Amino acid sequence: MATTRRMVLLGGASTAGALIVGYALWPSGRIARADKVMGSAREKFVTNWIRIAKDDTITVIVPHGDMGQGIFTALPQMAAEELDADWSKVGSEIAAPDSVFANGALAEGFVAHDYKFPGILQGTIDNSFRKIAEFMDLQITGGSSAVRFTGVYGLRVSAAAAREMLVKAAAARWHVSPDECSTKNNRVLHAASGKTLGYGELATEAARYDPSATPRLKPASEYKIIGRSFPRGDIPPKTNGTLTYGIDVKPDGLLYAAVKASPVFGGTLASVDEAPTLGKRGIVKIVKTDDAVIVVADRFWRAKDAVAALRPKFNDKGNGHVTSASIWTLFNKSLDDGVDSDVDTGKGDAGLRAKGARIVEADYRVPFLAHASMEPVNATALFRNGKLEVWAGTQDGLGTRAHCAKIADIGMDDVKFHQMPMGGSFGRKGQWSPNFLNYAVKAAMAVPGKPVKLIFTREEDMQQDYYRPAVVSRFKAALDDAGLPTTWSNAYTTDKKANDEAHIIYAVPNQAIGYKKIVSHVPLGQWRSVEASWHGFFVESFVDELAHAAGKDPLAYRQLLLKDKPRHLATLNLAAQKAGWGVRLPAGRARGIAIFESFQTVVAQVAEIEVGDDGALTVHRVTCAVDAGTAINPDGLKAQMEGGIIYGLSAAKNGEITLANGAVMQSNFPDYQVVQLADDPVIEVFVHNSDAPIGGGGEPGTPPIAPALTNAIYAATGVRIRELPIKNHSLTLKDRQSAGL
Amino acid sequence: MTVRLKVNGAIRDLDVEPDAPLLWVIRDELGLTGTKFGCGIAACGACTVHVNGLAQRSCITPVSAVEGMDVTTIEGVSADGVTPVQQAWIDHQVPQCGYCQSGMIMAVTALLKTNPKPSDDDLKAAITNICRCGTYPRIRTAVRALTGQGA
Numbered sequence: 001m002a003t004t005r006r007m008v009l010l011g012g013a014s015t016a017g018a019l020i021v022g023y024a025l026w027p028s029g030r031i032a033r034a035d036k037v038m039g040s041a042r043e044k045f046v047t048n049w050i051r052i053a054k055d056d057t058i059t060v061i062v063p064h065g066d067m068g069q070g071i072f073t074a075l076p077q078m079a080a081e082e083l084d085a086d087w088s089k090v091g092s093e094i095a096a097p098d099s100v101f102a103n104g105a106l107a108e109g110f111v112a113h114d115y116k117f118p119g120i121l122q123g124t125i126d127n128s129f130r131k132i133a134e135f136m137d138l139q140i141t142g143g144s145s146a147v148r149f150t151g152v153y154g155l156r157v158s159a160a161a162a163r164e165m166l167v168k169a170a171a172a173r174w175h176v177s178p179d180e181c182s183t184k185n186n187r188v189l190h191a192a193s194g195k196t197l198g199y200g201e202l203a204t205e206a207a208r209y210d211p212s213a214t215p216r217l218k219p220a221s222e223y224k225i226i227g228r229s230f231p232r233g234d235i236p237p238k239t240n241g242t243l244t245y246g247i248d249v250k251p252d253g254l255l256y257a258a259v260k261a262s263p264v265f266g267g268t269l270a271s272v273d274e275a276p277t278l279g280k281r282g283i284v285k286i287v288k289t290d291d292a293v294i295v296v297a298d299r300f301w302r303a304k305d306a307v308a309a310l311r312p313k314f315n316d317k318g319n320g321h322v323t324s325a326s327i328w329t330l331f332n333k334s335l336d337d338g339v340d341s342d343v344d345t346g347k348g349d350a351g352l353r354a355k356g357a358r359i360v361e362a363d364y365r366v367p368f369l370a371h372a373s374m375e376p377v378n379a380t381a382l383f384r385n386g387k388l389e390v391w392a393g394t395q396d397g398l399g400t401r402a403h404c405a406k407i408a409d410i411g412m413d414d415v416k417f418h419q420m421p422m423g424g425s426f427g428r429k430g431q432w433s434p435n436f437l438n439y440a441v442k443a444a445m446a447v448p449g450k451p452v453k454l455i456f457t458r459e460e461d462m463q464q465d466y467y468r469p470a471v472v473s474r475f476k477a478a479l480d481d482a483g484l485p486t487t488w489s490n491a492y493t494t495d496k497k498a499n500d501e502a503h504i505i506y507a508v509p510n511q512a513i514g515y516k517k518i519v520s521h522v523p524l525g526q527w528r529s530v531e532a533s534w535h536g537f538f539v540e541s542f543v544d545e546l547a548h549a550a551g552k553d554p555l556a557y558r559q560l561l562l563k564d565k566p567r568h569l570a571t572l573n574l575a576a577q578k579a580g581w582g583v584r585l586p587a588g589r590a591r592g593i594a595i596f597e598s599f600q601t602v603v604a605q606v607a608e609i610e611v612g613d614d615g616a617l618t619v620h621r622v623t624c625a626v627d628a629g630t631a632i633n634p635d636g637l638k639a640q641m642e643g644g645i646i647y648g649l650s651a652a653k654n655g656e657i658t659l660a661n662g663a664v665m666q667s668n669f670p671d672y673q674v675v676q677l678a679d680d681p682v683i684e685v686f687v688h689n690s691d692a693p694i695g696g697g698g699e700p701g702t703p704p705i706a707p708a709l710t711n712a713i714y715a716a717t718g719v720r721i722r723e724l725p726i727k728n729h730s731l732t733l734k735d736r737q738s739a740g741l
Numbered sequence: 742m743t744v745r746l747k748v749n750g751a752i753r754d755l756d757v758e759p760d761a762p763l764l765w766v767i768r769d770e771l772g773l774t775g776t777k778f779g780c781g782i783a784a785c786g787a788c789t790v791h792v793n794g795l796a797q798r799s800c801i802t803p804v805s806a807v808e809g810m811d812v813t814t815i816e817g818v819s820a821d822g823v824t825p826v827q828q829a830w831i832d833h834q835v836p837q838c839g840y841c842q843s844g845m846i847m848a849v850t851a852l853l854k855t856n857p858k859p860s861d862d863d864l865k866a867a868i869t870n871i872c873r874c875g876t877y878p879r880i881r882t883a884v885r886a887l888t889g890q891g892a
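Those sequence lines, one after another, are chains H and R. Take 1 as the starting number for the first sequence in our numbering and just add one per residue. Take 742 as the starting number for the second sequence in our numbering and just add one per residue.
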């Protein structure tokens, strides 16, 4: 799935004399004119900067958010490698890019590379990415993209370009050719004369050179920093309570706010009963918006109690009848009415109608899911003299800032945004899911001159989420005499357009994959691994069903279908081998296997489980093999696999958001159970590098776990689970026997 | 009305309601934001503090209930900033987003005072804090290593 990247390299000096090299890049080859830039809402624009200061320290300035994914170590590793830096002198910081160019003093040393600039970039390089932010979707963190896009396409090039600029500067000082120089550990060396100069000393002079858009990049054989599991610098503050998350900010004069929004999505606020709050200590203001009531108070608990005391009433605006059952009915009917074709290869699904065809069919579905990060959504906003200052943990600093400007109806230049580390996000915290930002800004505008920290209770966080969609997916396959599929047919619901993640890696000559766009009133958002989170379950469950229909071992079956995919085959075999696939298990235990590629990373998992006669499910062990091309920080990648597996495991076992009377029924952890230490399996991750381009790390661990688990349950019990979560299915011996298993 | 609290060894007289939640008093009256809010109903453990050395969830604890007792938060759990548990957390690269870890470390620290060599089963029974980033495997590894119980 190659994407054309367009890149601009910029280099110059900061006002402090530091060398700064950075790039701006955007993914689409189609951008040629400013009007296309402004018209497209889905283009992604990424910037990254490296600063080499006169004190010899190197800072990678990363406009990505920290949600624990380890990129504040992995990205600097990539830069440090190409720079031949001294790792002990390399650090990173979150930044809004403007802070780097405080006076907008950028030398116009950019390099064009056989493409046309969007008009918007010409002439106003300083702050140009700010202006672009107003027009483009700036999903800068997410899509498991930090390492594979930022790192690969920009950061390494910028670092290598900076290195060459430093060499040129040293060579000029020594009156030698740059070819006679080398670099090592933050220094430029001239072997013939023995002279050396440090990067810090050279920084200001180096900034006078133009960065090359095609510097020499190191081959993997020369890596000294990439591929090492350096300890993460963000970890110590996360062990002693000193890290300030969005929820922890404390600007002077801080007020607090709590909110209750319409439980039925799309509903409006009808009335509140202010009487119980009159004279109550600390209440500053009651703010009514069209769909919510907010109480601003001097302390959070007083605001929260007041919101409850107001007993707000809402009009449901017509969606008060919606239930989970009605949504399933709606989705199923939409598929019954026919789908739009996405994939149609060979004879499509004609093979399903061939005489004597051996057909296997199965329908699947997955429910809405909440994100349930440990830090509930929150934002702090200060509106003063027509300007806004906002603090929030979000995955996209520039995009959030642009969004807040829109809510306040002011220019982006009048908004200052502080991007804070997040206590988890998994796709929740950003302007694509903006309710927490909207309420915070509105509360702040109601009490100008005073900062307001608006925090969602856990109940509001769970009931006012932007959910992982509920999806229905139907499969049919025709098998040949050997039991292998010759026709693969799949029809699924989607909230947008065709999902690439429904495309299968398996060699099936005739495929018909279609989709139907259908939505309910439930707000939808991005959830860890997005479309892969459902297609992984669907595809790997159905392939498993085909294997069993063919009477073949699920691993062997997949091996046959992946014989032309060496990378996938290698990853699958690694997981199977490490899991001891085929080795006899104690009675009552069974294994299930699944493999899925997402965000350019291939992950295979084997779940080893046990089902008791009482139906209790124990997940003993998960073996995971991951091929992300090159693992920049292998231990960091392992941690992301562990996290992705446990996140998906919670969803598979118990995750379900249901609706009654148009509103979400779940409200807190007791009715939205998640994996805890007591039911956490042993997880073993095996990192396997290959020549593939670097793939993502944050999300690809999640898609395979649900099907690995349900495939294992089938192997153990004969119960085939096609509708998640697992808790809705009885696995008791009694019920299995009644079902004839 | 004032409530007298002793937090991290320091005595403070606070003008708050007796039923004000200890969690929010710690965070917003005392400015100690290391103790976190996660659920408000003692289901997640992010708000865990020590009261007279025992782990307690502060979100449902009214301040009046801890008058006269020693309350310790993550900020006060060590004299010099790095306890053996915290060092083990760093050595084994436990945290991801880190938000649950104050409560997790407080819970584990309290457990180790009464059970210096907890088995895996002991740990599972005692530590019910929720982590959404999935750091449980590393928590087990870190505790095992710290308590000399090997891999």
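Don't read these hints as lab results, they were simulated from the structure. The structure displayed is predicted, hence computed values, not measured ones. Ideal Cβ positions, reconstructed from N, Cα and C, are used throughout, including at glycine. Careful: at least some of the hints might be erroneous.
Stretch by stretch, here's where chain R covers chain H in the computed footprint (C-beta under 8 Å, at least three residues) [stated by the list, open to error]:
#1 222–235
#2 244–250
#3 370–382
#4 411–424
#5 600–606
#6 660–671
#7 675–686
Verification of the hints:
{"no.": "1", "hint": "222–235", "result": "holds (count 4)"}
{"no.": "2", "hint": "244–250", "result": "holds (count 5)"}
{"no.": "3", "hint": "370–382", "result": "holds (count 5)"}
{"no.": "4", "hint": "411–424", "result": "holds (count 4)"}
{"no.": "5", "hint": "600–606", "result": "violated (count 0)"}
{"no.": "6", "hint": "660–671", "result": "holds (count 3)"}
{"no.": "7", "hint": "675–686", "result": "holds (count 7)"}
The structure fails to meet hint 5 from the earlier list, while all remaining hints are met.
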